[in-house]
Structure formats: structure tokens, C-alpha cells
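Asker: In case you want the letters, here they are:
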Amino acid sequence: MDRSRVTVVIVVLAAALALPFYAGPFWMGLATQIIIFGLLALSVDLLLGHTGLFSLCHASFFAVAAYTTAILQVRYGTPTVFAAPAGVLAGTLLALVFGIAVRTRGVYFILITIALGFIVWGVAYRWSSFTGGDNGVTNVPFPSIGPLAVTSHLQYYYLVLAIVMLCALGYRMLVSSPFGLGLRGIKASESRMRSLGYRTALHLYVAFVLSGALASLAGVLYVYYNRFVNPVTGSFQISVEVALMAIVGGSGTIIGPFIGSGVLLGLRNWVSSFFELHAAVMGVVFIATVLWAPDGLVGLARRLRKRRTGIRKDPA
Amino acid sequence: MTSTILQAINGVSFAALLFLLASGFTLSFGLMRVVNMAHGAYYLLGGYVGLTLAEQTGSFAVAILGGGAAIVVLGYLVDRFLIRRTGENHLAQVLLTVGLAFVIGDVALAIWGGDNLKVPVPPFLRGAVELPGGVYYPKYRFVLIFFGALVFAVLWILYRKTQIGAVVRAGVDDREQVSATGINIDRLFVMTSGLASFLAGMAGVVGGAFLTLYPGAEWEILVFALVVVIVGGLGSLEGAMVGALIVGLLDAYGRWLLPEFSYFVLFGPIALLMLFRPRGLFGTEH
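First to last, the protein sequences are chains A and B. Letter by letter, the first sequence follows residues 1 to 316 of this note's numbering. Letter by letter, the second sequence follows residues 1 to 286 of this note's numbering.
Don't take every hint at face value.
Footprint (simulated), chain A over chain B, 3 or more residues, beta carbon under 8 Å [stated by the list, open to error]: (1) 81-95; (2) 226-236; (3) 251-265.
Read the hints as simulated data drawn from the structure, not as lab findings. Quantities reported herein were computed from a predicted structural model and do not represent experimental measurements. Heads up, the beta-carbon is just placed ideally off N, CA and C, and yes, glycines get one too.
Given these sequences and hints, build the entire structure.
Answerer: Encoded structure:
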């Protein structure tokens, strides 16, 4: 890690830790949301940035985890210590099943993950006797484990921040491990990795499940923040928006998905305060990203810096 | 017993609608390698334009042709100025066209509002027909089956029996080779994409007359079309037809027998199919 990146990480962390001292409740809520969706975008990027698979069903793991935790907490009064791990487990089990999608590549993978994602949305929407249909599950309490209980949004913000920081650390270890490098190798050339003796299909399957587990964790964090879950949580729109977050921020990096999450959620909040067609504005962001910033903001910054240092090194 | 038959007709008539949408999607993928996720939005917008035309002129035929034509113009502009810039990057195409679908959906919501709207059906298509055995069935959906079959027949003859179809098939197999023999492949692309757009817009009018038009309908119908294409195999016209029948019937029986899990009934077998034939029933390597 070079020095400028260390500086960026320290500045971002310091800003995140100090945020409650200068931001009001609205901004704290937005920040919590940005961090949670950043984690979801990071999980998508484990596949997109490191294996090249473009999954559009990650809202499913997110939603199944959120529903599981919410239903256990609200309807059965299960304590957090069981409900939260159960949520992550349920989402991960779904990823074990949906992992069959890695039998396909390229455009088929994209289309099949879209179709799989719609199963979850459809079941959440139609199986109303269990999921509450359109109304979803409401009144999810703050998490509490024994005497340790979260009682305010401020406390929950720090809890989320701590968990997500641990995840980012683990993620960094994962992608720089031999397994993570193997994934990068598959992205570069699957046939070469296969001829080197790697079981590429298994690699991809494991990556898919890990990515689903991370998305499930984000789902559990989300349901305790939002205190409510409905079929929209598992919709295609969420899946595709978090993929866009990863790309806008900069795919293949750790900070990128969080930046993307901040940019997109910030933009939507800002636009929707004065303009009714905010979905159309999001659509324009999709189009603009593809046409002008396919490597995202991190890529854009890198390109600009290269240009600048290039000029500086020029003797003339 | 009667219900079983009625559900079968329901399924087949829905299949006819799905075929209209999926055939365009599959042809434009086959020839141009374009994944156009805005196809559902084309359907919805075509339906809305047709609805307005039908209300103004009172003619269902004008609505169908006008809805299709509006989308041909839109589709041409989108192809020419947006999709072409993505090259063959499917990820970029998906993001771009999803974004486009958001824009279309939101603008349509602003113009036509959020209520369920129904394209008016001409009087001679209203009412019910009596089938042998004393079963009554809505005439419109019955006619739709014949309409779908007619479109399939026309497309099939165009694709399999005419010279232009032969060139398109050659283009699907090897685009560079066709180009090298001096055929203007660009013009072919414009024609195919125009046809796909027309089918999508027309499907919107036809579907809007019995499924109604509402915000979000674009994604619901798109997913059905995608599943049809996955089952049939990308780029195959026959696959789109067989896929549409499978999906239409699974959906009809699923809704009837297991209403809460109808999505599961529909997608479950498809997940299984994927395990054994990842490229669909009629798909080839791309």
C-alpha cells in the first residue's frame, strides 16, 4: 500500500469516526445506509472485480437475510444472538443453491442471476401469509445481546462501522490470499488457470458463496437499521444499483464500493428533494457511467493523476 | 377437468404474448450480440402510445401499428447513439439499457400516471367464445393465440425461407465472413433491431389490452421474456417459441395450483434445466 492510499484510508476512517460530532440525525442515518449498502456493493464486487462475473441477484441474499432476522425477531421474539446469525446463515444457504449459476459464463450468467433474483422477489411478494406481502415485516427492534443493547441510532452507527471495518479487513486478506489471486487469474484467463491445474469451477463457486455470505451480513445490518423489510429490499433494482455502486466507485478496490454507495445514495437523496423524476436521474447516471466513466471514480482519479504526474515528469 | 383446459389456454395465450417480446430479444442478441434490457420498457411504452392512439382514433389496428412504429424510432436512436458505443461488452450493455429502462419508466409514469390502464379492445374481439364441451373463454385471448402463431409463421418464413433470412442466419454464425462477402451488415443490423423494436412495441399494445399497463409492468414482463430466452437458447427463433410455451404453461398452472409459489414453480425447473443444458434447449456456443 503506497503512502497516498494510507492517507486516504486514514482520512476516511477519521471522518467516519468523527461524523457524529458534526452531523445531525439525518446525515447519520444516511451515513449508516451508505456504509451498509457499501458492504453490499463490496460483496457484489468480490465477483465482479475479482472474477469478472456480473451477478444481478445479490439483493436476494440481502433480502433473505433481512427477512429471516426480522421474522425471527418480530414474530417469534428470538433474541438477536440467534436471529442475526440465522439471517446470515439463511442468506448463505441461498447462495449455496444459487451458486449453480457459476456453471454459466458471460451473458448467460447475467441473465440467469436476474431470473434467480426474481424468484426471491416473487416469493417475498406473493407468499404474503409468511412474509407479509407488500407490507413486509415491521417493528424490528434494535439488536441486543444480553445486557449489551443498542439503544440509539448513534450507537448503531458505531456498531455498523466496526463490523464493516472488520469485514473490509477480512476482505483484504481474502483477496490477497492465494485464493484471491487465483480468482484474479481466472478473471484474466480461465482456460490458462485450468491448464495450470486449478479447479476453476470450484474457485468460482466458493467465491460466489462467500460473496453471498457478505451480502447476507449486509442484509442483517440493514434490517436492524431500517427496522422494516418488504419485497423492494430483494428487488432487481437494488441488485443492479449496488452493482452500479461498485462500478461508479471503482471495481476491484475496497474503498470503491463505499465511495460509489456514497455518491449514489447522496445523489438520490439530493435529487429527490427537488425533482420528482429521480428514478430517471438514476437511469441517466447508469448511462453516463457506462459511456464516460466505465472504470468509475477511482479509475478516473487514477487516470487524472497519471496525466498530471506524466506532465510533471516531462522535462519540457 | 374444465379448469385444466382453461389453464392450458391461458398459458398458451400468455405464451403468444411472450413470444412477441422474446423473439425480438433473441434475434437482436443472435445477430448483434446485444443484450437489451430496455425491452420491457419498450413493451410498456409501446403499450402506452398505443393506448393513447386507440383513445384518439378508436382503432385497435392503428394502436398496434402506431405503438410498434413509435418504438422503432426510439429503438433506432438508442441503438445508433447509445448501444453501439458499448461494443460487445455485455456488462456495459446491461447497465446502459437498465438505466435507459429506468428513464423510460419514470417518464412514462409522469405522462400516463400510476394507475392500471387498459388498452380498449374493439367490440368484435370482446365477449366470450364457446369451445366444444360447453366451455366459455374470452375471445380476445383466444384470438391472441392465433395472432402469436401467425407472427411465428411470418418470422419463421422470413428467417428460414427468404434470402434476407439466409443472410441474417449467416450473420448470426459468422458476422465478419458475411461482411467480407460485401453484404452491408450495418443495414442488416438496423433492420433486425427495427423488427425487434416493432415486435416489442406491438406486444405492449396487445398485452396492455388484457394484462393492463402500469409502472413496474416493464420488469415483470421482461423477466418472463428473459426466462423464455434462457430456456429456448439465446439467438434461436424456434427456441423462443418453445420457451414461450413452456414458460406460459408453467406460469398458468403455477398460479392456479400454488398461487403463493408461482414464481418458484416457474423458475425452479429452469434452474434444473440450467444444470444440464446451460445454453438452453436450442442454444449454441457464443
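Asker: Three residues or more, CB to CB closer than 8 Å: is that satisfied between the segment 226-236 of chain B and chain A?
Answerer: It holds, with 5 qualifying residues against the three required.
Asker: Would you say the segment 251-265 of chain B counts as covered by chain A, given the rule of at least 3 residues with C-beta under 8 Å?
Answerer: holds (count 6)
Asker: Test coverage of the segment 81-95 of chain B by chain A using CB-CB distances below 8 Å; three residues minimum.
Answerer: Answer holds; 8 residues pass the 8 Å Cβ test.
Hint compliance for this structure: no hint is broken.
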